[in-house]
Amino acid sequence: RLASLDPKSAAIGSPKNAELYKLEILLSSISDEEYNFTRFFLLGRTNRSRTGHDKTSIACSTYRDKPGALFSILSEFAFRKINLTKIESRPSKRVLGDYIFFIDMMGHREDAHVKEALAALVDKTSFIKVFGSYPAFREKTV
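In full-length UniProt numbering, the protein residues as written are 1 to 142.
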């Protein structure tokens, strides 16, 4: 929608979005790999209800760079048999060597085992942000 309001901006989206907002498609099929999937997030202030096939996304950081710091965080999920589907690190840009970890996991933030793991991270992280829970993507089979 924002790209339709500002002539100097552009957006990456589906052909349906271009049609909806009357945008010109400049380039299509922009992925560099045939099976590459781009993730888009819609952030809001309300929690999604459980579907029974959900994912939860968080960001967190360890207290300090020391052996086992990341293991301490990840073990909370392993102990509860929570499948982690993505782990990505990015520099925090606060202190050299300080990283923020973005983690996606199977389960809804209100599921007991996920709720317990997230609560356990409070004492093991310098910060934790739960972005939310949402229905997990299911690839359609042909």
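Rather than coming from a laboratory, the hints here were simulated on the basis of the structure.
All of these numbers come straight from a predicted model, not from anything done at the bench.
Hints are not guaranteed to be accurate.
Taking lysine-lysine pairs in the PhoX-like style, the calculated list, with each CA pair at most 20 angstroms apart, reads [unchecked claim]:
id : residue 1 : residue 2
1  : K115      : K86
2  : K66       : K124
3  : K93       : K55
4  : K66       : K115
If you anchor each label on the Cβ, the simulated ranges turn out as follows [unchecked claim]:
id : residue 1 : residue 2 : range
5  : R90       : E110      : 25 to 33 angstroms
6  : L27       : T85       : 43 to 51 angstroms
7  : V122      : I25       : 33 to 41 angstroms
Glycine residues also receive a C-beta, built at the ideal position from the N, C-alpha and C atoms.
Tell me if the beta carbons of V122 and I25 are separated by a distance inside 33 to 41 angstroms. Between V122 and I25, where Cβ atoms are some 45 angstroms apart, the hint is violated.
So does L27 sit 43 to 51 angstroms from T85, Cβ to Cβ? violated (29 angstroms)
**Prompt:** Are K115 and K86 close enough, with their CA atoms no more than 20 angstroms apart?
**Reply:** holds (18 angstroms)
- Between K66 and K124, does the CA-CA distance stay at or below 20 angstroms? Between K66 and K124 the Cα gap is close to 12 angstroms, so the pair holds against 20 angstroms.
### Message
Can you tell me whether the CB distance of R90 to E110 sits inside 25 to 33 angstroms?
### Response
About 27 angstroms separates the Cβ atoms of R90 and E110, which means 25 to 33 angstroms holds.
- Task: Please work out if K66 and K115 have their alpha carbons no farther apart than 20 angstroms.
- Result: Violated - the C-alpha atoms of K115 and K66 are around 26 angstroms apart, more than 20 angstroms.
Does K55 sit within 20 angstroms of K93, going by the straight-line distance between their CA atoms? Measuring from Cα to Cα gives roughly 27 angstroms; hence the hint is violated.
Consistency note: the structure conflicts with the earlier hints numbered 3, 4, 6, 7.
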